[in-house]
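Using the sequences provided together with the hints, build the complete structure.
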Amino acid sequence: MGFFKVLHQSRKSKARIGIIHTPHGDIHTPSFVPVATKGTLKSIPPKDIKDIGVQVAFVNTFHLVMHPGADTVKRFGGIHAYSGLNIPLMSDSAGFQVFSLGKHVSINEKGVKFRLPVDGREVLFTPESSIRAQEKIGADILMAFDECIYHGATHEYTGDATARTHRWLIRCIETKKCSSQRLYGIVQGGMFKDLRTQSAKFVSRQDISGIAIGGVSVGETKKEMREQVSWVAPYLPKELPCHLLGI
21 MGFFKVLHQS RKSKARIGII HTPHGDIHTP SFVPVATKGT LKSIPPKDIK
71 DIGVQVAFVN TFHLVMHPGA DTVKRFGGIH AYSGLNIPLM SDSAGFQVFS
121 LGKHVSINEK GVKFRLPVDG REVLFTPESS IRAQEKIGAD ILMAFDECIY
171 HGATHEYTGD ATARTHRWLI RCIETKKCSS QRLYGIVQGG MFKDLRTQSA
221 KFVSRQDISG IAIGGVSVGE TKKEMREQVS WVAPYLPKEL PCHLLGI
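First residue of the sequence shown? That's 21 in my numbering, and the numbers climb one at a time after it.
No wet-lab data here; the hints were simulated from the structure. Any given hint could be a false lead.
Claimed, not checked - Think about it this way: if two alpha-carbon atoms lie no more than 20 Å apart in a straight line, the pair counts; the simulated SDA-like pairs of lysine to any residue are:
| hint | residue 1 | residue 2 |
| --- | --- | --- |
| 1 | 130 | 221 |
| 2 | 221 | 191 |
| 3 | 25 | 247 |
To be verified - Label pairs and their calculated CB-CB ranges:
| hint | residue 1 | residue 2 | range |
| --- | --- | --- | --- |
| 4 | 45 | 237 | 39 to 49 Å |
| 5 | 135 | 243 | 29 to 39 Å |
| 6 | 46 | 66 | 33 to 43 Å |
| 7 | 21 | 135 | 38 to 48 Å |
| 8 | 46 | 198 | 13 to 23 Å |
| 9 | 72 | 187 | 21 to 31 Å |
A virtual CB, placed ideally from N, CA and C, is assigned to each residue, including glycine.
Here's what the structure looks like:
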């Protein structure tokens, strides 16, 4: 059984209906993915999740690494046992959370160094540490570590950051060891059509199981967001699932 199968595609809009197979169940696409930051969907008991139609949820690598720690989650048997969520789970890479820390962040080729606003503790996230943490957390679908580019960045900065995200993706692919977990690459490129299309082409060529469109919903208008998605859509592999991050 493959990871993803397209069941139907519109000849008019190219929209797809498909199914993603994971060790913790199937996801019928398209599907909304609610955020269960540390393994909890606020105010909804785990036993009621399936009854209200939730197929899959996102857990937050940054917050789980900060507390209780990826090793602790692994000792509990992984995020599904830790949280009591018996549905497919996706884990982010911590890229967006690092972006949200603003001035507390220092970015270079190795990774991202930042001080926690709570206690000033210095933390380093790299593509390697992000993937290892996600493997310990145990989600079914992992996200590659990327730089979520801030709204209003220049073409030069956006180009450098997007190229860095591409190099980080290669390191994520080389680091990932667990075959039962699937890795999504992330398209960046900011507000620039040439960079967006270049990124979509690059990410699509890599050894990944799915693609996520990142760096949207970071301050642009909805019209601009739709434009960015329309730029990359023609270059995404038809055989892979696609996830729109942060919407």
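These are the hints, each one checked on the structure:
Taking the CA atoms of residue 130 and residue 221, the gap is about 24 Å. The hint is violated against a cut of 20 Å. With a C-alpha separation of about 18 Å, the suggested pair residue 221 and residue 191 falls inside the 20 Å cut-off, and the hint holds. In summary, the hint linking residue 25 to residue 247 is not supported, as the alpha carbons are separated by about 27 Å, beyond the 20 Å threshold. Take residue 45 and residue 237: their Cβ atoms lie about 27 Å apart, and the range 39 to 49 Å is violated.
Checked against the hint of 29 to 39 Å, the pair residue 135 and residue 243 passes, with Cβ atoms roughly 36 Å apart. For residue 46 and residue 66, the hinted distance range of 33 to 43 Å is not satisfied, since their beta carbons lie about 19 Å from each other. Taking 38 to 48 Å as the suggested C-beta distance range, the pair residue 21 and residue 135 conforms, at roughly 45 Å. Taken as a hint, the range 13 to 23 Å holds for the pair residue 46 and residue 198, whose Cβ atoms sit roughly 20 Å apart.
For residue 72 and residue 187, the hinted distance range of 21 to 31 Å is not satisfied, since their beta carbons lie about 41 Å from each other.
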